[in-house]
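K.L.:
Whole structure, please, built from the sequences with the hints as guidance.
Protein chains in written order, with our numbering: chain Y, 30 to 422; chain G, 30 to 422; chain A, 30 to 422.
Just so you know, these hints were derived from the structure itself, not from any lab. These figures come from a predicted structure and were not determined experimentally. What you were told as hints is all true, and nothing was included just to trick you.
For identical chains, the list gives no copy identity; a pair is met inside one copy or between any two copies.
With a Cα cut of at most 25 angstroms, we get these calculated BS3-like pairs of lysine-lysine: (1) K239 x K310; (2) K348 x K333; (3) K111 x K268; (4) K121 x K348; (5) K237 x K95; (6) K242 x K364; (7) K319 x K242; (8) K333 x K113; (9) K121 x K198; (10) K121 x K336; (11) K220 x K121; (12) K286 x K242; (13) K348 x K319; (14) K319 x K237; (15) K111 x K121; (16) K310 x K237; (17) K113 x K220; (18) K113 x K310; (19) K286 x K111; (20) K113 x K268; (21) K333 x K286; (22) K111 x K220; (23) K239 x K319; (24) K95 x K310; (25) K113 x K286; (26) K348 x K113; (27) K336 x K348.
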Amino acid sequence: MAAAQPGLPAGAAVVRRLARGCWSAFWDYETPKVIVVRNRRLGFVHRMVQLLILLYFVWYVFIVQKSYQDSETGPESSIITKVKGITISEHKVWDVEEYVKPPEGGSVVSIITRMEVTPSQTLGTCPESIRVHSSTCHSDDDCIAGQLDMQGNGIRTGHCVPYYHGDSKTCEVSAWCPVEDGTTENQFLGKMAPNFTILIKNNIHYPKFKFSKGNIASQKNLKHCTFDQDSDPYCPIFKLGFIVEQAGENFTELAHKGGVIGVIINWDCDLDLSESECNPKYSFRRLDPKYDPASSGYNFRFAKYYKINSTTTTRTLIKAYGIRIDVIVHGQAGKFSLIPTIINLATALTSIGVGSFLCDWILLTFMNKNKLYSHKKFDKDSTFTDPKGLAQL
Amino acid sequence: MAAAQPGLPAGAAVVRRLARGCWSAFWDYETPKVIVVRNRRLGFVHRMVQLLILLYFVWYVFIVQKSYQDSETGPESSIITKVKGITISEHKVWDVEEYVKPPEGGSVVSIITRMEVTPSQTLGTCPESIRVHSSTCHSDDDCIAGQLDMQGNGIRTGHCVPYYHGDSKTCEVSAWCPVEDGTTENQFLGKMAPNFTILIKNNIHYPKFKFSKGNIASQKNLKHCTFDQDSDPYCPIFKLGFIVEQAGENFTELAHKGGVIGVIINWDCDLDLSESECNPKYSFRRLDPKYDPASSGYNFRFAKYYKINSTTTTRTLIKAYGIRIDVIVHGQAGKFSLIPTIINLATALTSIGVGSFLCDWILLTFMNKNKLYSHKKFDKDSTFTDPKGLAQL
Amino acid sequence: MAAAQPGLPAGAAVVRRLARGCWSAFWDYETPKVIVVRNRRLGFVHRMVQLLILLYFVWYVFIVQKSYQDSETGPESSIITKVKGITISEHKVWDVEEYVKPPEGGSVVSIITRMEVTPSQTLGTCPESIRVHSSTCHSDDDCIAGQLDMQGNGIRTGHCVPYYHGDSKTCEVSAWCPVEDGTTENQFLGKMAPNFTILIKNNIHYPKFKFSKGNIASQKNLKHCTFDQDSDPYCPIFKLGFIVEQAGENFTELAHKGGVIGVIINWDCDLDLSESECNPKYSFRRLDPKYDPASSGYNFRFAKYYKINSTTTTRTLIKAYGIRIDVIVHGQAGKFSLIPTIINLATALTSIGVGSFLCDWILLTFMNKNKLYSHKKFDKDSTFTDPKGLAQL
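P.N.:
The following block contains the structure:
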């Protein structure tokens with residue numbers, strides 16, 4: 030222990046000297062040694078390569094792609110729709126309550142354009158629809174009592190009975206009778222439908238940028254405006270005929286078979302600019318598979334239930350073909366942000382440095398003085414390869 | 030050909046020698062030559078610039094912005110809502126089935142707070158509503174038979190008939206009669222509505238991170254809890270009055286005119302932490318344009334259909350004003366990932382290198398020894414500009 | 030002024046000379062001076078480090094993570110669903126119109142599997158449900174007239190009356206009478222429900238890449254196909270039983286208590302490949318909190334309203350338990366894009382440069398010739414630290 034004591038100050042002194050050396054070295058400034066090559070052609074190539082890279086970054090990355098912005102996609106969105114208009118079929122007048130489903134006015138709304146109505150159905154027994162697979166029969170033996178066809182209308186009673194019309198016979202079923210297609214009547218509501226108007230109120234919010242905007246101008250009188258993308262994007266009242274036409278569809282055909290049309294509202298906003306530059310853009314597209322023979326079109330069934338006396342319930346079954354409007358909102362907002370700017374700037378600088386690689390390669394390969402440059406650039410002392418030679422220094 | 034044969038081994042030898050040279054050069058290690066400048070001031074500036082850049086990256090980019098994480102926005106989300114409560118108007122009691130539409134309890138639910146009821150409408154003829162444009166008339170000449178006003182209630186018969194009340198006359202229409210506003214009675218359901226409770230079950234899933242969570246704690250007894258963001262975020266039972274108040278709206282006014290309130294559930298999750306740190310945050314915001322005189326408020330129409338005898342159908346038309354609750358879910362999850370970490374680290378290193386540019390510029394411009402440094406840094410041999418001088422070497 | 034005139038050309042000459050110097054310097058090519066170290070071990074380490082970094086980038090960043098692609102998440106999506114099938118309870122046959130709510134066939138559809146039916150409710154007075162908190166009573170004193178329990182069925186009249194069944198008494202309420210649970214009958218529709226089929230038509234669109242695709246093959250005959258992820262992903266007809274089984278649930282239990290099952294359609298598309306490589310993937314997951322005793326299951330109430338005479342309205346209240354199918358679409362599309370490619374390439378190059386740091390450190394620390402290397406690498410002229418020494422040069 031005693032021997033260590035005098036050694037300690039000596040060791041401490043060494044450590045202290047080392048630390049002081051390191052500390053002093055820490056504050057040294059190091060800069061790479063550079064060879065200046067006075068060659069106009071090479072300099073020109075070098076600067077041109079740098080210019081090209083710089084132009085690419087300034088023009089494409091920063092101006093076109095706006096890489097200096099932080100972005101957010103998929104805004105929060107709320108949609109209120111309201112359909113207006115009346116139409117007539119042969120016998121009666123139809124108002125909004127009857128042809129718009131569901132009535133609440135959300136982002137998906139169906140406008141019924143054709144109905145196949147089966148009135149006065151009651152629970153009972155009747156012939157199965159001829160359209161159901163293996164429903165035709167010749168005698169009761171063809172019908173198994175208790176059988177339930179998933180594509181059919183009811184449970185079979187085991188009897189074979191004459192069909193509603195024609196000479197054929199089908200199995201009797203216990204179901205809501207008469208079955209659809211037995212006594213169904215057609216009602217076409219599409220005559221005035223192209224003139225129906227749809228008001229689409231949309232409000233979006235980009236939570237990252239705390240930015241909200243709606244598609245209705247606050248001082249606008251909505252009563253007397255019509256939508257026009259170019260002249261008046263803040264009047265979101267669309268004629269149904271306009272929507273179908275913009276989607277490139279034939280109205281009569283669509284009204285007959287039904288279909289789904291998407292109204293796509295696109296909010297692409299550069300929030301570095303003023304709020305008035307952030308405007309909705311509308312586009313229209315058919316969304317259901319059009320050319321599919323088996324499954325094209327859009328229809329659904331609903332019923333109205335009535336009680337004719339205290340025990341018997343009757344219903345009117347409606348197979349409704351219609352135009353479903355799906356309002357889809359998407360968008361992207363961008364705003365200046367440090368992180369992407371710095372990442373892209375650093376990438377730009379690094380890429381400009383890449384130009385030097387190219388020039389070094391030209392310098393060492395193609396220039397007729399390259400041996401000399403090589404000699405100047407590369408300090409290739411032979412002593413490095415010869416450990417014995419080191420001793421002579 | 031014969032002459033080529035002896036030449037081939039000679040050429041091969043050259044190629045072999047070249048290849049061996051390249052191969053040997055490939056394993057050479059190259060490192061730039063560096064000048065050490067023993068200048069404390071410059072060294073200090075250099076280190077400070079580097080420190081600032083380092084601090085920016087460590088603190089802002091990595092700690093605040095969590096750039097080392099891979100992120101995913103827009104979780105898959107499923108919402109079940111359930112409204113509870115009863116209310117009374119002058120004459121009757123209303124339960125959930127009557128004032129909540131649609132009943133299925135999805136992410137959008139309307140709570141009816143006021144109704145304009147037009148009972149006992151049947152298909153027939155009656156005076157058009159006085160609110161419809163150009164419906165007032167003095168004689169039958171003012172009414173064109175067969176005319177269909179899109180904003181009206183039916184097809185005109187060509188007669189001018191006395192209005193339901195008052196002295197005015199309007200054109201007769203074939204429609205659901207009497208038309209709305211003829212014999213409409215008002216029913217205000219909003220008296221008890223602030224006490225209605227809404228249970229919002231929400232379940233989210235981030236597919237990229239295979240992370241799921243719900244907004245109900247598994248052992249929670251939901252019967253006796255009330256929502257409080259700070260003390261109990263896992264009790265998603267909200268009073269309607271609380272939601273409206275949080276959105277900054279006046280309940281009575283909202284209940285009268287209707288409106289859309291968004292309940293925004295935000296799941297911002299740092300999945301590097303424990304699951305219990307990933308909690309939902311609720312916010313409330315009015316979503317429909319409030320200050321818009323023409324289109325503010327929220328209402329929709331629906332009807333109940335009755336059969337009074339085998340041929341006549343009657344309906345009760347209801348114009349319902351209500352508070353629509355849109356539950357909107359958004360969120361962002363982040364988890365450590367190699368790629369963004371490496372991109373940001375590389376950017377950080379590159380940026381620290383940028384500090385050297387600054388110092389080089391100071392070195393060569395402001396320091397009084399700059400001529401000398403310049404001489405040292407730049408190996409500007411005159412022979413490079415003089416091709417003839419090369420020969421002398 | 031006169032003295033300035035001759036000075037001006039002189040100054041101009043200086044400026045001109047300076048400008049010419051700068052201009053000439055601008056076209057100079059600068060390249061760092063490099064020391065070549067002929068050390069196989071160090072060279073090997075250097076190249077290996079570079080190789081590792083290169084491999085990481087080529088394999089992981091570019092091939093596995095596809096960082097050369099621009100990506101878009103959250104496609105625009107449109108969904109049409111259609112349920113088919115019939116089922117029977119003890120007394121009657123149920124068809125789609127009766128057990129599917131809402132009928133329109135959107136992305137959320139409820140298939141009712143059990144009903145608690147309370148028929149023939151009319152507005153009147155009757156005993157409150159025994160399940161309601163503090164509804165039991167012994168005398169009229171226990172019931173406060175005019176009290177409205179938010180969890181109850183109506184407004185109390187102040188009377189204490191015998192319950193529907195059993196010996197207990199509850200407070201009388203003015204409500205839709207009889208209240209639920211008084212005369213409710215159960216109807217289980219779930220017997221055939223596993224055989225119901227659900228057709229899910231889905232169409233997606235990535236607006237950034239202008240790419241659309243649907244989940245139905247155009248020439249497909251949908252009548253005779255069944256869904257199978259591996260053999261036939263373009264036949265989106267699912268049996269309800271299959272969906273429930275895939276979600277890992279017990280059908281009978283689920284049909285009894287109700288629940289929400291998510292059908293998640295995932296469109297992960299590499300748009301650099303052909304369109305046929307972009308296929309939907311289906312997965313199934315239970316979405317409501319399963320193990321929650323208080324709030325598990327899924328049910329909702331709806332009613333059918335009847336008029337039995339011109340003044341009295343009666344309704345059938347139905348508490349419906351069912352399986353709600355939420356179709357959730359998500360996906361990510363990627364396509365080659367210059368910006369992410371360049372950012373990742375620049376990062377790769379920078380990272381390869383990082384290998385040199387490591388080798389420099391090895392060179393200067395571990396190699397036995399490091400003093401010499403250090404001497405060669407660092408041009409540490411003592412004159413730099415001694416301003417007076419500068420004068421001697």
